[in-house]
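Protein chains in written order, with the working numbering: chain B, 1 to 748; chain A, 749 to 1100.
Calculated directly from the structure, the hints in this document are not laboratory data.
On a predicted model such as this, the values are computed, not experimentally measured, just so you know.
Be aware that one or more of the hints could be misleading.
[Claimed, not checked] Within a straight-line C-alpha distance of at most 27 Å, the following computed DSS-like cross-link-like pairs (lysine-lysine) qualify: (1) B:Lys602 <-> A:Lys994; (2) B:Lys693 <-> A:Lys915; (3) A:Lys751 <-> B:Lys657; (4) A:Lys751 <-> A:Lys855; (5) A:Lys855 <-> A:Lys994; (6) A:Lys857 <-> B:Lys532; (7) A:Lys919 <-> A:Lys816; (8) A:Lys857 <-> B:Lys693; (9) B:Lys242 <-> B:Lys386; (10) B:Lys693 <-> A:Lys1020; (11) A:Lys919 <-> A:Lys870; (12) A:Lys919 <-> B:Lys532; (13) B:Lys242 <-> A:Lys751; (14) A:Lys855 <-> B:Lys242; (15) A:Lys870 <-> A:Lys1030; (16) B:Lys242 <-> A:Lys816; (17) A:Lys915 <-> A:Lys1070; (18) A:Lys857 <-> A:Lys994; (19) B:Lys249 <-> A:Lys870; (20) A:Lys1001 <-> B:Lys602; (21) A:Lys857 <-> A:Lys915; (22) A:Lys919 <-> A:Lys994; (23) A:Lys994 <-> A:Lys915; (24) A:Lys1001 <-> A:Lys816; (25) A:Lys919 <-> B:Lys693; (26) B:Lys693 <-> A:Lys811; (27) A:Lys915 <-> A:Lys870.
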Amino acid sequence: MTALCCIGQQMFTKKRIIQFCLVAVVFIAADIWMYRTLTDSFVAYVEERNYNEVGLFVQTVPEDESDIPHWLEGVSTIIPDAQAMYFTFDENRFTFVPAAGGSPVAEQLWNQYGRTEPFTNALESAYYLEAMQLPSRYPSVINNDASDVRVFFAPLIAENGYEAVGAVMILVPTSGASGYSRLLAIFAIGAAIAFIAISWVIMFTRDPITGFMVLGLFIIVGVFVAFPLFEALRLSFFRNNKFSMDRWKMGLSPAYIVALWGSLRLGVSTATISTILGFLIAFLVERTSFRQKKLVTTLATMPVISPPFSLSLSIILLFGNNGLISKQLLNMQNTSIYGLGGLTLVQTISMFPIAYLTISGVLRQIDSTVEDASLDLSATRWQTFKSITFPLTVPGILSAWMLVFTNSLADFANPLLLSGNLRVLSTEAYMMVTGRMNDLGGGAVLSFMLLLPTVTAFMVQRFWVSRKSFVTVTGKPSTTLTELTTTPVRNILAGITWAVLGFILMLYLTIVAGCFVRNWGIDYTFTLENWKAIPDSWDSLTSTVLLALISAPLAGLIAMVAAMLLVRKKFPGKRLLEVLMMTPYAIPGTLIGIAYVIAFNKQPLLLVGTGAIIVINYVIRELPVGLENGITALHQIDPSIEEAAQDLGADVPTVFKTIVLPLVRPAFLSSMSYTFVRSMTAVSAIIFLISAKWYHLTIKILSYSENLRFGLASVLCTVLIIIVLGVFGLLQILVKDDKLTQKTISTR
Amino acid sequence: MKKIVSLLLLAVLLAPAVFAQGGGEKAPEPQAVPAAPTSAGSVSAYTTLEEPLAAALFDLFEKETGIKVNFVRLSGGEAVARLEAESSNPQVSIWVGGVGLDHITAKTKGLTTPYVSRYASKTPTQYRDPENFWIGLYVGPLTIVTNLDRAKELGIQAPTSWADLTKAEYKGLIRVANPNSSGTAYNVLTTMRYVLGGEDQMMDYMKKLDKNIDQYTKSGSAPGKSVAIGEIPIAIGYAHDQVKLKDAGANIKIAAPSEGTGFELASMSLVKGGKDAVNAKKLYDWIISSPVAQEKFTEWYVVLVADGAAKHPEALSIDEIKTVEQDFAWDGDTVNKTRLLDRWTHEIGQYR
């Protein structure tokens, strides 16, 4: 610690500090001067233009006095949002009198300020046939927005050419110019901050390149994680540009608390059942003499990498009210797959692999010697399990429960198809934005309500449960495995496992079968015409694949660089950076989607509707997984190799390129394949970000499913699964690393 | 070998990042000068028409004019939400289809722009916005559709009036959409207000109806399709959706409620600030005037409002049934809509 202080002191010499302050002051002064000049000249330009337009407008006054009110309204087509009022010249009283028919806003302003000197001066000028613009701006309310206006007075000249028959007062709002100056202000401040940060890094850090990389990462997470969330939060507190708790009141009203409760119920039931199932299968595979481990792992991983609602689709096809099994084969009446039961079933099947992989990782590390010792002391198998094996697994079980819980809460696609009468927050938020209410702020509120349980569960899992690792480390792990189960018990476990996996396989086969059926539920004739969906959706297919391919290497690279910095370097704000980069994992997809739409639909970051926003979204959402992979991989590499390289004169990028990257290649490839898979199957965030040019395939599938065009949906689903399996399988072969499948944590 | 394969794979994965153009850039191009008009080109559109109908229609347009239509199919509410989110940088130039009420909402939010087409006079004035922000394409009455096979199994009669639907024998057998997300279902609310005479009477009716509802779907046309495949015996939906399914072979009965029913006026608007205004106007004109377009529409059993447009013999026209007088402006006004929907959500929706 003291060493660090000394180093710091060496950097913070008086000379350097003075240099830095000088440079900063000079730059900021220049910045402000540029900003001022640009704003002022633009405002002057706009006002002069308005002045000319007012002059031109006044020349178009109609002959007939009764037409004047209608003509006055026309001023807003020439100058947007301008308001006008008309005065007639009363020859008897020798003054201008306001006439009826003007805009209420103008009349209100006149009532308020008409007696003041600038106004009387202006009227006097009108008498002398001179147009005039009042020197100061006045506050006013236009279109329910408070806005400053500039006031113009122009005379209406009689035909004889020397008399004023009236005058027109025109209010021109200055908001147009203020939008521009706001933009300039953002750039000016941004430039100042950037310059200061860069010069700080150059002057005060030992290793500027690391400093820049850290800065870069902070900027990325700041702009693309913190900023959108902040904007969404801000919008939820405003209605019509005024602070209001309306939306939060609505969100916390019973109507939506019901939905929150529904989400929680669903989450708890899914998490519990998945954990139990995952534990049973993991135990079977890791702690018994079960043979087909590879097969089980492969089959169990499938639901994780396929589109989130493909299973919902096949469940409806098989068990819906007119499903193949429920109606045709079993003739079940009055049982409905919709609602809590069906959703839990589908979510469990989709998410138990997460529990399975988490628990199996923990179970694998338990050393049998402890169990042997217990058995030697004549405990029964059950006692050994109860008091030794199970307690050691508890952290893993808790972790698994939290992870599945988080996933279930954030799940959007399955409830969309299957929720029936159960209301869940993820779909409610979506409907709030896209339904009759069109309320982005309301959607944000509902998504934030969902954020609370997911972030809590995530934080608990990450910072408490995972730290309490009870796994034994005895120095020399024994290679033999004590079998704690008798053969009948093992057979029961195996039976359950095969039943579950068989069910999963059947669901996937249903999707494939659905491609060849003309009209599932009515007409089961074999047909190939559904396959026309592929050429019809070709654009959508290519754009989806393209975006996924672009984001995969980007995410992988950024994650690896971040991992290296977080593991090997010390810098201020390390904890904060880690938390910021990992948070997107806990944020529900709908919240990120809504936040991005709110934050990036105005200058200077106008990204809504482009492909860029989708790529950024993918990258940010996958960074946590890649980061985790990278950190784990780096922990296993001895830093002395890198130190040797640095001693020989390599700088940080060279070390990264020649030492780190080749050694973490499996982790790098695995996070790339992961990003690709999850980008191809994304739904919840993407649904807000698609546009005509970038129409994601999963949204198309969803739209077909909702409209019960199951044949087309099945075809596209199958194509998607084939592409994803292909890429994933290819990378598996390349890496041939068991641990590849271990880091399968995923959120939709 | 493995190294070569992995290098090749990396190259394949990274190549698109190098070659990706057209939309992959981070900075949007500032639209300082409108693009010079070209003879062909493209136009971006949102459509609320059924996806296959839209695809076929826009294909025909492209064949005739060479202008490519890039479209996204969105439900009415989604389209309004998108247009609002994109209002400072509109991504599309025209919005085709969708319940008229949504177009009125878009108009009040300042998202659309008026256009008086040279062919607009062919459309009767009651089906056009007096200020020319939107124009009606077709009308479709709300109907009750029953699957006769399931009805026979369950031993029930097909309902033929709004009052019928609240009978106890239909408990759990009716499906309709959620008015918060579907224009169809919102139209049911507004229709009942006209049929029964007031908001409170309408809410009472909806509560009685709620007892017979199996579930509220998200999409307005889904209940009808569920009836066609036999998932549920009874649904409420627009006539053209149901006639299509009947012609495809589903054994269903389509009935217009005897007390009188409401109808939708599917409409079209130009988007304010759209980038391809000229091509959008060409598409607009083509849709309301071209006989080719009209023929394609009739294949989908909708009843077009333009003078002289053909009608499919099987289609159900509003001239043939009893309708209620609807005040679109009132129904589409945001204040009224929010109030009705809030009431529905708080008095019915939240108890599901």
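Violations among the numbered hints:
Hints 1, 2, 4, 5, 6, 7, 9, 11, 12, 13, 16, 18, 19, 20, 21, 24, 25 and 27 are the ones this structure does not satisfy, whereas the remaining hints hold.
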